Amino acid sequence: MDQTNILIEKKEKEVLVDHFTGRKYKDRLFLSAVIFFSLITISFVFLIIGAMVLKGYHQINWSFFTQVAPDTFTAMMAKSSGQLIPGGIVNGITGSLYLVGLASLIAIPFGVLIGIYLYENSKKRYAAVIRDITDVLQGVPSIVVGLIVYLWVVVHITHGYSVLAGSVALSIMMLPLIIRSTEESLKMIPDTLKEAAIALGTPYYKVILRVLIPTSFSGLVTGILLAVSRILGETAPLMLTTLGNPAINWNITKPVSAVPLLIWQFYNDPNMVDLIWSSTLFLMGFVLILNLLSKWIAAKRRF
Amino acid sequence: MNSDKILKYVLFIASLLILLIAGGMIYSLFRGAIPSFHQFGWKFLISSKWDPTQGREQYGALLFIAGTLFTSILALVIALPMAFSTSLFIGEYFRNTRMAAIVSTFVDLLAGIPSIIYGLWGFYVLRPFIVSIGLSPQGYGIFTSGLILAIMIIPYATSLSNTTIMMVPNELKEAAYSLGATRLEVIWNVILPNARSGITASYVLAFGRALGETLAVTMLIGNANIIPTGLFSTGNTMASVIANQFGEASGLQLSSLIEIGLLLFVITTIINAVGKFIIKKMA
Numbered sequence: 001m002d003q004t005n006i007l008i009e010k011k012e013k014e015v016l017v018d019h020f021t022g023r024k025y026k027d028r029l030f031l032s033a034v035i036f037f038s039l040i041t042i043s044f045v046f047l048i049i050g051a052m053v054l055k056g057y058h059q060i061n062w063s064f065f066t067q068v069a070p071d072t073f074t075a076m077m078a079k080s081s082g083q084l085i086p087g088g089i090v091n092g093i094t095g096s097l098y099l100v101g102l103a104s105l106i107a108i109p110f111g112v113l114i115g116i117y118l119y120e121n122s123k124k125r126y127a128a129v130i131r132d133i134t135d136v137l138q139g140v141p142s143i144v145v146g147l148i149v150y151l152w153v154v155v156h157i158t159h160g161y162s163v164l165a166g167s168v169a170l171s172i173m174m175l176p177l178i179i180r181s182t183e184e185s186l187k188m189i190p191d192t193l194k195e196a197a198i199a200l201g202t203p204y205y206k207v208i209l210r211v212l213i214p215t216s217f218s219g220l221v222t223g224i225l226l227a228v229s230r231i232l233g234e235t236a237p238l239m240l241t242t243l244g245n246p247a248i249n250w251n252i253t254k255p256v257s258a259v260p261l262l263i264w265q266f267y268n269d270p271n272m273v274d275l276i277w278s279s280t281l282f283l284m285g286f287v288l289i290l291n292l293l294s295k296w297i298a299a300k301r302r303f
Numbered sequence: 001m002n003s004d005k006i007l008k009y010v011l012f013i014a015s016l017l018i019l020l021i022a023g024g025m026i027y028s029l030f031r032g033a034i035p036s037f038h039q040f041g042w043k044f045l046i047s048s049k050w051d052p053t054q055g056r057e058q059y060g061a062l063l064f065i066a067g068t069l070f071t072s073i074l075a076l077v078i079a080l081p082m083a084f085s086t087s088l089f090i091g092e093y094f095r096n097t098r099m100a101a102i103v104s105t106f107v108d109l110l111a112g113i114p115s116i117i118y119g120l121w122g123f124y125v126l127r128p129f130i131v132s133i134g135l136s137p138q139g140y141g142i143f144t145s146g147l148i149l150a151i152m153i154i155p156y157a158t159s160l161s162n163t164t165i166m167m168v169p170n171e172l173k174e175a176a177y178s179l180g181a182t183r184l185e186v187i188w189n190v191i192l193p194n195a196r197s198g199i200t201a202s203y204v205l206a207f208g209r210a211l212g213e214t215l216a217v218t219m220l221i222g223n224a225n226i227i228p229t230g231l232f233s234t235g236n237t238m239a240s241v242i243a244n245q246f247g248e249a250s251g252l253q254l255s256s257l258i259e260i261g262l263l264l265f266v267i268t269t270i271i272n273a274v275g276k277f278i279i280k281k282m283a
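These protein sequence lines map, in sequence, to chains L and D. The opening position of the first sequence corresponds to residue 1 in my numbering, with each subsequent residue numbered one higher. The opening position of the second sequence corresponds to residue 1 in my numbering, with each subsequent residue numbered one higher.
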């Protein structure tokens, strides 16, 4: 009796040992590691957005959206007397809208047309080359895009930093994104839809305008929104092309400010530090809304 | 000419824009780099002297190339465990659950945060933290920038890995389970060998991203024109020297900066091509 008890105990111990050092234990350890590192990954989102909200909310008020950025002396005076820094970032907001609007005006029509071309000629060698070059363009670092547009537009066309140069730089960054998303969403349309339209004798341009574009519309919009949200925060190429402007400007050949450029300017000026966080909060909010909107449209779409 | 023909021509002409942009880019970079190349030749690549003083101007790109590679490789090493875990979380352990959807939304948000915001967060939150735990007296340097770059490239490293991990056929996994394999063994012996090329490709593409990042690195690396000597040494990268010096550069300095831009363009294009090549071989 005693012996069997000892035997049973021994067996239990072995099971226990197996449980802690064996394959099952390793399996569990690995799962915990996966969960741990995944939590670290998503914790950065909270840490970054949390820091922005905590440090930025108290500068956000009405004048933040209606006044131009203050000069460094005004900011210093306000800070030394313990007040909020007066003024806002309206020159940056209008500038960003101007730049992104103009860039979209260039990039969206061309991007959609080229996307349709790639979809229509997907088997041609030339189309494959265009697709590869589009991928290359997408991988070009944004600072290099800024450099190129400086050489093209700032030096030769507007002879100085300008809205046009900034928009061209942003549109070059948007173009590959829109081309690929257009092609991808067109590919998802069932061939039968297209064939039905062709069987009715519809001319091909009408098939594109009345069948392909409407059915893939939400896909196109998603791609465009994502592209816009990508370039909204771009700073490096703008530093080389539009530089910045303390006032609101609508002249296409003159420099203009943008929200990310203002953030960079505030960062380099010790008196303006308080304005940094409210501006990033605004920028992040805008980017976030566009992102979520595109996700929402993507979730609702059928093709 | 009928309407279909016109449409075809319109589409074809639009596609020429891509050739025009790419061709123009390469042409302008080469043309802009000519003065610098005439002056320094191939020595530009192996010299690490960067001296813009009038009269004894001397430019070499080695220290920037070294800084770029160091920060990007470090970023990849730090990002690896997090990106790999996250893609297993989304693509295997919790696939098609609400949890996975939430995590993947957060990873997408990480991709949406602009570079300058990462830089500010690194400067005002991460850098003081690194100083406070005593890793480095100022908090600037290779390590801090590598850490920020790692966070920035996690989304690029995960997105493609997720899909390839999910694409591993269920039959293979079930066969392994039926032989008594644990989940870890299935991941190690079935999923990884099958998804290897997709995962590799996504890390290569993420590395390409890290190479070209500008402002976040500029704000954290310390912008010292030296070849980094260790993890906590300061340094400079190709992208950030362009951002820092372009405004006041002219003549030979401008041409040298353009040559650095050309180098950066060539390096990122090669890395991206390698990534795309791996994907193509996989399909």
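Keep in mind that the hints were calculated from the coordinates and are not lab data. Check the hints yourself; a few may be wrong.
As the list claims (entries may be wrong) - Taking lysine-lysine pairs in the DSSO-like style, the calculated list, with each CA pair at most 27 Å apart, reads:
#, chain 1, residue 1, chain 2, residue 2
1, L, Lys254, D, Lys280
2, L, Lys187, L, Lys124
3, L, Lys123, L, Lys24
4, L, Lys123, D, Lys173
5, D, Lys173, L, Lys194
6, D, Lys8, L, Lys206
7, D, Lys276, L, Lys24
8, L, Lys24, L, Lys124
9, D, Lys173, L, Lys124
10, L, Lys123, L, Lys187
11, L, Lys187, D, Lys276
12, L, Lys123, D, Lys281
13, L, Lys300, L, Lys187
14, D, Lys173, D, Lys8
15, L, Lys124, L, Lys79
16, L, Lys206, L, Lys124
17, L, Lys124, D, Lys49
18, D, Lys173, L, Lys24
Model, not experiment: these values are computed from the prediction.
Numbered hints the structure breaks, given as an ascending list: 1, 3, 4, 5, 7, 8, 9, 14, 15, 17
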